[in-house]
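> What follows is the residue order along each chain.
Number of protein chains: 2
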Amino acid sequence: MATVTELLLPVETDLEDLLKDLRVLIGAGHPILQAAAEHLFSAGGKRIRPGIVLLISKALTVDGNLSSRHRRLAEITEMIHTASLVHDDVVDEASTRRGVDTVHSRFDHKVAVLAGDFLFAQASWHLANLNNLDVVKLLSRVIMDLAEGEVKQGLYKYDATQTLDSYLEKSYFKTASLIANSSQAVGVLSDVSDYELSQLYNYGKQLGLAFQVVDDILDFTSSQKELGKPAANDMASGYLTAPALYALEENNRLSILIEREFSSNGDIEEALTIVRNSNAINRTRKLAEQFAKDSYESITWMKDSPYKKALLNLPEYVLGRLY
Amino acid sequence: MATVTELLLPVETDLEDLLKDLRVLIGAGHPILQAAAEHLFSAGGKRIRPGIVLLISKALTVDGNLSSRHRRLAEITEMIHTASLVHDDVVDEASTRRGVDTVHSRFDHKVAVLAGDFLFAQASWHLANLNNLDVVKLLSRVIMDLAEGEVKQGLYKYDATQTLDSYLEKSYFKTASLIANSSQAVGVLSDVSDYELSQLYNYGKQLGLAFQVVDDILDFTSSQKELGKPAANDMASGYLTAPALYALEENNRLSILIEREFSSNGDIEEALTIVRNSNAINRTRKLAEQFAKDSYESITWMKDSPYKKALLNLPEYVLGRLY
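Residue numbers (my numbering), protein chains in the order written: chain A, 6 to 328; chain B, 6 to 328.
Since the hints were derived computationally from the structure, they do not count as laboratory data. Just to be clear, a hint being listed does not mean it is correct.
To be verified - Below 20 Å or equal to it, Euclidean Cα-Cα: the simulated SDA-like pairs (lysine to any residue) are:
#, chain 1, residue 1, chain 2, residue 2
1, B, K162, A, H35
2, B, K142, A, N207
3, A, K157, B, K162
4, B, K115, A, Y244
5, B, K142, A, H35
6, A, K142, A, Y244
7, B, K142, A, E80
Unchecked claim - Here are a few chain B residues that face chain A, going by a calculated C-beta distance under 10 Å:
#, residue
8, N136
9, L262
10, E266
Beta carbons: idealized from backbone N, C-alpha and C, even for Gly.
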């Protein structure tokens with residue numbers, strides 16, 4: 006089983022350049038934003054989103070050479086992603102993300118608002134200057150979906166009556182839309198056919214959904230140490246994901262615990278046990294497997310290359326995080 | 006001397022429709038955003054920015070009829086403006102704006118971040134769907150300038166060595182860019198000549214600068230009751246504007262007070278007296294008059310109409326706030 010670093014090896018140098026560019030772009034001329042940029046774009050992050058953009062870009066060329074517009078698109082993708090994380094952490098009052106301090110806990114929420122706005126603004130400026138209206142539309146749709154997802158997520162907090170469809174819609178808005186639309190945007194810049202455009206979109210969409218569903222399983226099955234946050238942290242915060250929603254179909258006791266917002270002692274532990282002892286994790290894993298399979302099958306038409314190989318391995322890598 | 010309501014009379018119904026649309030657009034489906042939208046887009050605001058867009062739009066038509074794209078542009082202008090205000094208030098920790106509670110003090114800073122992001126996202130989505138790359142570029146430049154201005158403003162806090170040019174640049178970023186670029190964008194949608202495009206830009210730029218400079222004078226000359234905030238509030242917060250910068254040229258004592266951040270008892274009152282007793286207010290007024298004159302002269306080429314008349318009266322109205 007390859008690691009993500011191994012998978013992204015064909016674009017490793019490009020990703021390093023990209024991080025360097027982003028640090029300069031964001032930090033220039035402002036000491037506090039510079040510190041925030043160092044913090045956000047330091048080495049060690051997985052950068053899977055710009056990695057996908059770069060891999061698709063290279064897979065669609067004849068010679069594996071990247072144009073400056075393809076590089077810029079990868080940067081824009083990472084800027085939008087990072088901006089939305091920084092603001093989400095303010096809205097969700099998260100103090101750490103994957104074990105690392107968030108901007109608003111390391112600095113304060115004012116710096117986080119400023120840094121996020123600055124990133125969004127840079128993204129929208131560079132986006133306009135790619136000079137392609139279709140790409141502008143695809144990525145502005147992403148910005149809209151991210152905001153919509155954050156709003157929806159707040160709306161469904163502790164709502165035991167929400168459907169699996171509304172959970173998947175939220176997951177699309179918050180995770181899959183960026184990967185789907187930026188994958189399609191690569192195709193627009195590379196002038197591929199309409200069929201291939203829709204397949205690129207589908208590759209990103211299904212991969213993004215698989216990624217989110219696997220993340221939601223890990224929230225229940227991993228330990229605090231592995232997650233960098235307490236187990237079942239999402240559920241405890243009121244964010245109900247696929248495992249909780251499936252478990253609700255089997256066990257009515259769970260909805261009582263959720264509706265009283267886990268306010269009694271031991272509620273969270275009891276809820277965690279209910280989910281773990283149900284068939285929910287199994288069913289959620291099947292869901293992730295279906296998304297990963299659909300993602301894989303969407304790009305079999307690409308001509309063979311190390312980039313295509315990495316892209317085909319990504320869905321399996323996403324599932325592999327479960328084992 | 007006309008009031009702003011009288012000046013905007015030729016587009017009064019259009020502005021009412023616009024506010025109704027914005028409340029629906031932002032509030033739909035989310036109770037807290039709906040409350041924030043009601044708060045932000047309630048009657049009583051001056052809506053001078055979309056008013057200018059609508060007046061120019063009508064002045065450039067043959068029959069005074071607005072296209073849906075011109076209306077949408079006016080909405081986008083107000084969305085971007087409102088989003089930046091909501092986030093600025095978080096960054097500046099302002100609890101009131103013109104005497105009214107800010108979103109983050111009425112609700113909390115999390116709602117303010119979410120509402121601002123949602124507005125920016127809606128703006129960028131509707132912008133892309135105007136289907137005109139030039140308009141996208143003009144308005145994404147605005148979003149960039151607003152973020153840059155907010156960053157710069159923080160950077161120059163309590164900096165008595167900053168130049169008048171850096172103050173004017175900041176004022177352009179934070180106030181004039183939106184009016185200048187949206188005025189030009191109307192011209193793009195209305196297909197006017199390159200000369201007229203640059204004149205529309207200049208009209209908005211000079212008007213925006215006049216507006217900001219007058220605001221900065223009022224901060225020193227008005228009472229707390231008139232301002233809805235304490236007099237010399239900007240200076241006390243470390244934001245040095247034209248009157249303070251001119252006064253610094255005359256009186257070295259002021260720089261001592263600024264550099265110790267008005268930390269001793271009576272510092273603010275002493276600084277206020279220095280500025281008021283200097284020639285600074287007078288010089289700043291002359292600056293505003295020049296901007297207003299330049300603005301007026303930029304649109305004399307328009308054919309006569311009630312809309313042109315209102316646009317020509319706006320620079321004078323801006324100066325009139327001083328008397």
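> Now look at each hint and say whether the structure bears it out.
Against the structure, the hints come out as follows:
no., hint, in the structure
1, B:K162 x A:H35, "13 Å, holds"
2, B:K142 x A:N207, "29 Å, violated"
3, A:K157 x B:K162, "38 Å, violated"
4, B:K115 x A:Y244, "17 Å, holds"
5, B:K142 x A:H35, "24 Å, violated"
6, A:K142 x A:Y244, "30 Å, violated"
7, B:K142 x A:E80, "18 Å, holds"
8, N136, "7 Å, holds"
9, L262, "25 Å, violated"
10, E266, "18 Å, violated"
Of the numbered hints stated above, those contradicted by the structure are hints 2, 3, 5, 6, 9 and 10, listed in ascending order.
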